[in-house]
Amino acid sequence: MAAEDLPSEFDVVILGTGLVESVVAAACSRVGQRVLHLDRRSYYAANWASFTFNGLLSWIQQQQDDTQPEETQDWCDLLEEGEELIQLSSQSSIRNLQVFTYTSKEDEVEEASADSVNTTEEEQHGPASQDDDSNQENLENHENQEENKENQVNHENQEENKENQVNQENQEENQENHENQEVNHESQEATITEGAEPEAEQPQSPAIPSQSEPSRKKISFAQLEKEGRRFNIDLVSKLMYSRGSLVELLIKSNVSRYAEFKKVSRILTYRNGEVEQVPCTRADVFASRQLSVVEKRKLMRFLTSCIEEKDDQSAYNGRPYLEFLRDQKLGENLQHFLLYSIAMVTEDTPTEVGLASTRNFLRCLGRYGNTPFLFPLYGLGEIPQCFCRMCAVFGGIYCLRHSLRCLLLDTATNRCKAVIDSRGQRISCSHVLLEENYVHERKNVATPPRFLSRAVLITDSSLHGSDSEQEVSMVTIPPITEGAPAVKMVELSSSTMTCMSGTYLVHLNCSSVSSAYQDLSPLITTMFSTPESHDQGRPSVLWCLYFNMEDGSAMEVEGHDLPSNVYVCSGPDGELGHEHAITQAELIFHKILPEEDFCPPAPNPEDILYDGGSAPSSGPEEEPSLQLEV
Amino acid sequence: MSMEDYDYLFKIVLIGNAGVGKTCLVRRFTQGLFPPGQGATIGVDFMIKTVEIKGEKVKLQIWDTAGQERFRSITQSYYRSANALILTYDITCEDSFRCLPEWLREIEQYANNQVVTILVGNKIDLAEKREVLRQRAEDFADSQSMLYLETSAKESDNVEKLFLDLACELIREAKQNKLDNNDTAPMPGEGKTISYLTCCSVN
Numbered sequence: 001m002a003a004e005d006l007p008s009e010f011d012v013v014i015l016g017t018g019l020v021e022s023v024v025a026a027a028c029s030r031v032g033q034r035v036l037h038l039d040r041r042s043y044y045a046a047n048w049a050s051f052t053f054n055g056l057l058s059w060i061q062q063q064q065d066d067t068q069p070e071e072t073q074d075w076c077d078l079l080e081e082g083e084e085l086i087q088l089s090s091q092s093s094i095r096n097l098q099v100f101t102y103t104s105k106e107d108e109v110e111e112a113s114a115d116s117v118n119t120t121e122e123e124q125h126g127p128a129s130q131d132d133d134s135n136q137e138n139l140e141n142h143e144n145q146e147e148n149k150e151n152q153v154n155h156e157n158q159e160e161n162k163e164n165q166v167n168q169e170n171q172e173e174n175q176e177n178h179e180n181q182e183v184n185h186e187s188q189e190a191t192i193t194e195g196a197e198p199e200a201e202q203p204q205s206p207a208i209p210s211q212s213e214p215s216r217k218k219i220s221f222a223q224l225e226k227e228g229r230r231f232n233i234d235l236v237s238k239l240m241y242s243r244g245s246l247v248e249l250l251i252k253s254n255v256s257r258y259a260e261f262k263k264v265s266r267i268l269t270y271r272n273g274e275v276e277q278v279p280c281t282r283a284d285v286f287a288s289r290q291l292s293v294v295e296k297r298k299l300m301r302f303l304t305s306c307i308e309e310k311d312d313q314s315a316y317n318g319r320p321y322l323e324f325l326r327d328q329k330l331g332e333n334l335q336h337f338l339l340y341s342i343a344m345v346t347e348d349t350p351t352e353v354g355l356a357s358t359r360n361f362l363r364c365l366g367r368y369g370n371t372p373f374l375f376p377l378y379g380l381g382e383i384p385q386c387f388c389r390m391c392a393v394f395g396g397i398y399c400l401r402h403s404l405r406c407l408l409l410d411t412a413t414n415r416c417k418a419v420i421d422s423r424g425q426r427i428s429c430s431h432v433l434l435e436e437n438y439v440h441e442r443k444n445v446a447t448p449p450r451f452l453s454r455a456v457l458i459t460d461s462s463l464h465g466s467d468s469e470q471e472v473s474m475v476t477i478p479p480i481t482e483g484a485p486a487v488k489m490v491e492l493s494s495s496t497m498t499c500m501s502g503t504y505l506v507h508l509n510c511s512s513v514s515s516a517y518q519d520l521s522p523l524i525t526t527m528f529s530t531p532e533s534h535d536q537g538r539p540s541v542l543w544c545l546y547f548n549m550e551d552g553s554a555m556e557v558e559g560h561d562l563p564s565n566v567y568v569c570s571g572p573d574g575e576l577g578h579e580h581a582i583t584q585a586e587l588i589f590h591k592i593l594p595e596e597d598f599c600p601p602a603p604n605p606e607d608i609l610y611d612g613g614s615a616p617s618s619g620p621e622e623e624p625s626l627q628l629e630v
Numbered sequence: 001m002s003m004e005d006y007d008y009l010f011k012i013v014l015i016g017n018a019g020v021g022k023t024c025l026v027r028r029f030t031q032g033l034f035p036p037g038q039g040a041t042i043g044v045d046f047m048i049k050t051v052e053i054k055g056e057k058v059k060l061q062i063w064d065t066a067g068q069e070r071f072r073s074i075t076q077s078y079y080r081s082a083n084a085l086i087l088t089y090d091i092t093c094e095d096s097f098r099c100l101p102e103w104l105r106e107i108e109q110y111a112n113n114q115v116v117t118i119l120v121g122n123k124i125d126l127a128e129k130r131e132v133l134r135q136r137a138e139d140f141a142d143s144q145s146m147l148y149l150e151t152s153a154k155e156s157d158n159v160e161k162l163f164l165d166l167a168c169e170l171i172r173e174a175k176q177n178k179l180d181n182n183d184t185a186p187m188p189g190e191g192k193t194i195s196y197l198t199c200c201s202v203n
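Chains A and B are the protein sequences, given in the same order.
Heads up: the first sequence runs through residues 1 to 630, numbered per UniProt numbering.
Heads up: the second sequence runs through residues 1 to 203, numbered per UniProt numbering.
Hints were generated in silico from the structure; no laboratory data involved.
There's no promise every hint is true.
If you want the footprint, here are the derived chain A segments under chain B, 3+ residues with CB under 8 angstroms [claimed, not checked]: (1) 256–267; (2) 394–400; (3) 599–605.
Heads up, the beta-carbon is just placed ideally off N, CA and C, and yes, glycines get one too.
Given the sequences, and given the hints that come with them, work out the whole structure.
The structure is reproduced here in structure tokens:
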């Protein structure tokens, strides 16, 4: 806790504790490199972080008033002959933050009928969209939230907010999705119906009659805050493919010992206005009540046949996977499952991609459970930290709340030979890794950043079936309207240690078409019960957050006019798995250390023999295992 | 691991300022060594010692901070699924005592609700340099409902006692939990796993 000085020489200096940076840190430290790992934030994992509820509220606050007055200092006295300075400054990759509280501020005495579920106080209403290009955050919105907290029934405020939002929307230039202007209260009904219309030809099934719920007490905002530490809310929404490169790396490196995992228990899909369970395994298929005997046989035959690549498949290369599926004469049901829930692609995805994705799904199935996915207990934000721990165990030095001000460039070799940290200390190093937020000005302007649209909901019940609080569900959702993005949804129960008992944490993610609110709120209003929706039989949203995050998959490791030994690590991408990050980490590691093994197994502490302080010897090979909570 | 010969496995985690003697306590207990020697802990995640208490074999997995406490940058995941925390300060260093509330805040945030916390004042062999009076530390521990013990890793004073007392307490709690929660049996896992205590809600 004392402000010690850092050593003045390292092999690798890494700024940012996101997944890519942390994996490279562990890999380098593991093979003996001296690693300094910094993050300007007070928490680990950068945009991959997870927060307690209260932690997330402060994060939101920070994003909203993140103006970082970074004083420019003159570092010239630290320069040596033939050196040049490259100043570093960071820029947030979060936009369009909007928060809605749909539950009452304090505990309610009673909650009588199902009708009143939606009449609970709205603390904040009316989002204000904002200009995508500006870094200015939504302050008005936030102020309103504050005021509303104090004054529960504040209709004026809501009115103001509505106007405010309409004005802003009029000014909005980037928004092409005019259909989505339903944020305006008046036009809401119309749009909801529009949104609810599934693309499928079949008529919408009648709305579920509002189940006369037993007077269940709705969880208040005060309770969410009180139990805030029960939540571990991830900024990213991903799952781990059980044979994906992240799981393989965790096993290979023994980093898996720092975390525990839970199996994703089921795959759900949203279809014709209903949430259904997707049969994935042989047992599921046979037990399925949605499928006819003929369908069951067809599905099994199809799945068995597509494991191998065949000639009749390659004839469809370049043509939509949907076309291929249609020609297999599988019928509507199976077609939907195979396209959206198993391949998890869209209608225009080429056949070869669809098939590869299907094979990947099947390959991952059954390794740990009856779905292809795992989820880490306490959230995905644990994963980068586990790699950081591994780095530290092998001597890496960790400093949060500590940043770099500039890189010192050797002009003769075009290599970075040292950095200056936020305390003005000069630290020499052979390689530097930077999280992408530090190279904004150096990005290629020709390709504007892509964004992800995210929403995080705290709900009061599960989308499907009983509220056993044990299920972890992947929910696949075809675009609800033409041109709407395909949304991936994950529903976590309290058994994942990411939310308090009695609540569910729902993550939504898609590539941005528009702002997160515009991309995702129509779907949320359709699938959940919010003050804007009219369907009572669905899970109620208690609290909800929307934001856009820059899509890390657009980022290049090199280029950016940076010295040749400076590498840029991208932030989270929009894919469900972690392939992009792990591939990138391995690539960077091999650029730094071409000859070294990437994350060889760390010795098992039980096999280390201490012999008067001799070096630990690595133990016998272990069966690959992950700590799984059943 | 599931096939091994023990009745209980507990994860014990050490925290406290840099230099208070955390690593020395572990090395003294697990290997009987002092001082632990420079750099000897590189690559070592945790130390293991199996002890026998009233005929039951208890395997203790003792985790050290890996130096992340130096700049107050311990990963949250370090605290997860710990059954017990040993919060250590140096009785000859007022500053290490004053930082305790900060550590307690971290514990409160990231550690399991049922975690057993024990406060340890180390380095009692340096009695002439004592800066924190025993009474003060006891009062503090009392106010936070923690156990308190003073140790010397160097002289091996109370080190054995520290870990054995903890093991007894953990067994007691585990048995209590089992009684209290017969229906909601602990997460299956592999027999008695380190997450044995994590599922039962007592508080």
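| Three or more residues of the stretch 256–267 of chain A near chain B by CB distance under 8 angstroms? | Contact hint for the stretch 256–267 of chain A vs chain B: holds, 4 residues under 8 angstroms.
| message | Can you tell me if the stretch 599–605 of chain A counts as covered by chain B, using C-beta to C-beta distances under 8 angstroms and a minimum of three residues? | response | Contact hint for the stretch 599–605 of chain A vs chain B: holds, 3 residues under 8 angstroms.
| query | In terms of beta carbon proximity below 8 angstroms, does the stretch 394–400 of chain A have 3 or more residues touching chain B? | reply | Per the Cβ count (6), the hint holds.
Taken one by one, the earlier hints all hold for this structure without exception.
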